[in-house]
Structure formats: structure tokens, C-alpha cells
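K.L.:
In this note's numbering, the protein residues as written are 39 to 144.
Please keep in mind that the hints were generated in silico from the structure rather than gathered at the bench. Treat the hints with care, as some may be off.
Keeping only pairs whose Cα atoms sit at most 25 Å apart, straight-line, the calculated DSS-like set for lysine-lysine is [to be verified]:
hint	residue 1	residue 2
1	K41	K69
2	K69	K109
3	K119	K69
4	K41	K109
5	K134	K58
6	K134	K69
7	K134	K119
8	K41	K119
9	K69	K58
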Amino acid sequence: MPKYLIEANLTREGLEGTVKEGGTSRRATVKAAIESVGGTLESFHYAFGDTDVFIICDLPSNEVAAGMAAKIVLSGSVATKTTVLLTPEEIDVAAKVTLEYRPPGA
């Protein structure tokens, strides 16, 4: 199952809700949302700085990840950035890919 890093930034409403409900409650909500689409939550961390929350999870597919991200962003409480994570073994396979390619202007 593909692994993803989700970086989340809370809006004012999202921060107000987190303060009201508590950090562990939001983690439980995120875990339930991920599990509802067939995924698993690996880690959930709040942070200082440019990003408010870091989540690492497994999801069934890129399509599921995209759909989940869209629905979460549409809530208006959070903005997300999703990065697909690759294992060292997947990089080994990728390194063996051959292709015909002409760079621009060549």
C-alpha cells in the first residue's frame, strides 16, 4: 500500500476546533478518516513552524489520497500538501527504468 506524508495547516476555524476538542481528539478523527478509506495511520505530530501537523499514513491508492485530500480541504478548516513516499526498494526499481527521451532543444 502506498505511503504518504501529509502536511496540514489549520485555518483559524481549524485551530479553534483543535483547541476546543483537543489534540488527541483530532488525531482520533484523522485516524478514523484514514481507516474509513482502507488506510492506516502510522504517525501524527503537531509542530511549530510553517506546518501545523505532519501525518504519515498508508492509503490504498493515489486516487484515494487525492479524493481524501480534496474532501478535507473543502471543509475549510485545513489546507494540506500530500507527498508520496517511496521505499529504498522502490527507488532501486525506478533506477532500472529505461526510456527514450530527448531533452528540450537537443
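K.L.:
Against each hint, give a clear statement of whether it holds in the structure.
P.N.:
A quick look at each hint next to the structure:
{"no.": "1", "hint": "K41 / K69", "result": "holds, 14 Å"}
{"no.": "2", "hint": "K69 / K109", "result": "holds, 15 Å"}
{"no.": "3", "hint": "K119 / K69", "result": "holds, 17 Å"}
{"no.": "4", "hint": "K41 / K109", "result": "holds, 19 Å"}
{"no.": "5", "hint": "K134 / K58", "result": "violated, 51 Å"}
{"no.": "6", "hint": "K134 / K69", "result": "violated, 36 Å"}
{"no.": "7", "hint": "K134 / K119", "result": "violated, 29 Å"}
{"no.": "8", "hint": "K41 / K119", "result": "holds, 14 Å"}
{"no.": "9", "hint": "K69 / K58", "result": "holds, 18 Å"}
Violated hints for the displayed structure, listed by number in ascending order: 5, 6, 7.
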